[in-house]
Amino acid sequence: MESRYDESVSEFFNLYTPDLLLLIAITAIFAGMVKGIVGFAMPMIFITGMTVFISPDLALGILILPTLVTNGWQAGRQGFAAAYRALYDHRWFLGMGYSVLLVTTQMVPLLSQSLFFLCLGVLVVGFASLMLSGWRPKGRSGTGLLIGCALVAGVGGGISGVWGPPTVMYLSTHNLEKQAQMRAQGVIYGLGAILLLMGHMRSGVATAPALMLGAFAILPACFGIWIGFKIQDRINQHVFRIATLSVLVLAGLNLIRQGAL
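If you're matching positions, the sequence shown starts at 0 in numbering that gives the first Met the number 0 and goes up one per residue.
Treat the hints with care, since some could be wrong.
Said to hold, decoys possible - Quick list of in silico lysine to any residue cross-link-like pairs, SDA-like style, CA-CA up to 20 Å: (1) Lys229 / Gln178; (2) Lys177 / Gly75; (3) Lys229 / Ile217; (4) Lys177 / Trp72; (5) Lys177 / Ala82; (6) Lys229 / Phe239; (7) Lys177 / Gln77; (8) Lys177 / Asn235; (9) Lys229 / Gly133; (10) Lys229 / Arg240; (11) Lys177 / Leu252; (12) Lys229 / Leu145; (13) Lys229 / Ile193; (14) Lys177 / Leu131; (15) Lys177 / Ile217; (16) Lys177 / Phe239; (17) Lys229 / Gly78; (18) Lys177 / Ile226; (19) Lys177 / Asp18; (20) Lys229 / Ala179; (21) Lys177 / Arg240; (22) Lys177 / Phe115; (23) Lys177 / Ala24; (24) Lys177 / Met95; (25) Lys229 / Leu131; (26) Lys177 / Gly258; (27) Lys177 / Lys229; (28) Lys177 / Ile230; (29) Lys177 / Leu114; (30) Lys229 / Tyr87; (31) Lys229 / Thr172; (32) Lys229 / Leu86; (33) Lys177 / Gln236; (34) Lys177 / Leu101; (35) Lys177 / Asp232; (36) Lys177 / Gly71.
Quick caveat, the hints were computed from the structure, so don't treat them as lab data. Source: prediction; values computed, not measured.
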């Protein structure tokens, strides 16, 4: 056990240069800041930025720990009782989405990420654009929307760590108050990060070097989300909604780009 740990530490220092550590820190700060403002998009920004320089599997492995910590902070800003209520309110979405996520993490080599990203991107851009134009779903979200968003979130989370867009689509139909939506996102994404870690420890993505780099990324990600929280606390409900949907459109366009490439 000790020799394996020593090998992992040696690999960490031999393969990953100060330039890469600086890149991870800068990307984590920016991704955390956007997450602090709108409650999501950290995986999208982090993986998009890092895969220019490293493999997608390594970027996903690095992402797991800072995602887990920042989502725990986001979920618990108003206390444990409020976080538990959010967990209970969205229990069906959570149960279905994360059952799919655990299965999907084991199927990463068999799934076409390009096709999934392309289809999801078109869906997200269309939905967010409709919401920005003034369209509103009638009443609270129905069973069909819940099931659809949960399935898409589970598949996206399992193959890429990106489950934010379908989750925001689901939450946007509930017309939640700003803090309630931020809290719900933190709970949903935080539990997802735990399951992502469990699933990818089996799939081989969560390697020791990737997790050590992820541990390094925790502090800059927390600094970024702290800045984002300060900005988010100062904006009103309407601005928050417009910002959330605008980031959702950008997320969808990025997914389309990834799928097309």
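Hint by hint, here is what the structure shows:
The hinted pair formed by Lys229 and Gln178 meets the criterion: a straight-line CA distance of about 13 Å does not exceed 20 Å. At roughly 15 Å between alpha-carbon atoms, Lys177 and Gly75 fall within 20 Å of each other, so this suggested pair holds. Taken as a hint, the Lys229 and Ile217 pair is honoured in the structure, with Cα atoms around 18 Å apart against an allowance of 20 Å. Restraint check for Lys177 and Trp72: satisfied, since their Cα atoms lie roughly 16 Å apart, inside the 20 Å limit.
The straight-line distance between the Cα atoms of Lys177 and Ala82 is roughly 14 Å, inside the 20 Å bound, and the hint therefore holds. At roughly 13 Å between alpha-carbon atoms, Lys229 and Phe239 fall within 20 Å of each other, so this suggested pair holds. For the given pair, Lys177 sits about 12 Å from Gln77 by alpha-carbon distance, which is consistent with the 20 Å threshold. Annotation: proposed proximity of Lys177 to Asn235 holds, straight-line Cα distance about 8 Å (limit 20 Å).
Distance hint between Lys229 and Gly133 is unfulfilled; the C-alpha atoms sit about 28 Å from each other, more than 20 Å. A C-alpha spacing of about 17 Å is found between Lys229 and Arg240, which places the hinted pair at or below 20 Å, so the restraint holds. At most 20 Å may separate the alpha-carbon atoms for a hinted pair to count; Lys177 and Leu252 exceed this at roughly 24 Å. Among the hinted pairs, Lys229 with Leu145 is inconsistent with the structure: their alpha-carbon atoms are about 31 Å apart, more than 20 Å.
In summary, the hint linking Lys229 to Ile193 is not supported, as the alpha carbons are separated by about 26 Å, beyond the 20 Å threshold. Our distance criterion of 20 Å between C-alpha atoms is met by Lys177 and Leu131, whose separation comes to about 17 Å. This hinted pair does not check out: Lys177 and Ile217 have alpha carbons roughly 25 Å apart, beyond 20 Å. Pair hint Lys177 plus Phe239 holds up; C-alpha atoms about 7 Å apart against a cutoff of 20 Å.
Only pairs whose Cα atoms come within 20 Å are accepted, and Lys229 paired with Gly78 is accepted, the gap being roughly 18 Å. Our distance criterion of 20 Å between C-alpha atoms is met by Lys177 and Ile226, whose separation comes to about 17 Å. A C-alpha spacing of about 38 Å is found between Lys177 and Asp18, which places the hinted pair above 20 Å, so the restraint is violated. For the hint linking Lys229 to Ala179, the alpha-carbon distance of about 16 Å falls within 20 Å, and the restraint holds.
Taken as a hint, the Lys177 and Arg240 pair is honoured in the structure, with Cα atoms around 8 Å apart against an allowance of 20 Å. Between Lys177 and Phe115 the CA atoms are separated by roughly 30 Å; this puts the pair beyond 20 Å, and the hint is violated. Taking the CA atoms of Lys177 and Ala24, the gap is about 28 Å. The hint is violated against a cut of 20 Å. Between Lys177 and Met95 the CA atoms are separated by roughly 25 Å; this puts the pair beyond 20 Å, and the hint is violated.
For the proposed pair Lys229 and Leu131, the alpha carbon gap of about 25 Å is over 20 Å, so the pair is violated. Simply put, Lys177 and Gly258 have alpha-carbon atoms about 31 Å apart, too far for the 20 Å limit, and the pair is violated. For a cut-off of 20 Å, the pair hint linking Lys177 to Lys229 stands: about 14 Å separates their Cα positions. For the given pair, Lys177 sits about 13 Å from Ile230 by alpha-carbon distance, which is consistent with the 20 Å threshold.
Taken as a hint, the Lys177 and Leu114 pair is broken in the structure, with Cα atoms around 33 Å apart against an allowance of 20 Å. Pair hint Lys229 plus Tyr87 does not hold up; C-alpha atoms about 27 Å apart against a cutoff of 20 Å. With a C-alpha separation of about 26 Å, the suggested pairing of Lys229 with Thr172 is violated against the 20 Å cut-off. Distance hint between Lys229 and Leu86 is unfulfilled; the C-alpha atoms sit about 24 Å from each other, more than 20 Å.
For the suggested pair Lys177 and Gln236, the alpha carbons sit about 6 Å apart, so the restraint of at most 20 Å is met. This hinted pair does not check out: Lys177 and Leu101 have alpha carbons roughly 30 Å apart, beyond 20 Å. Taking the CA atoms of Lys177 and Asp232, the gap is about 9 Å. The hint holds against a cut of 20 Å. A hinted pair counts as satisfied when its Cα atoms are at most 20 Å apart, and Lys177 with Gly71 qualifies at roughly 17 Å.
Hints 9, 11, 12, 13, 15, 19, 22, 23, 24, 25, 26, 29, 30, 31, 32 and 34 from the earlier list are contradicted by this structure; the remaining hints agree with it.
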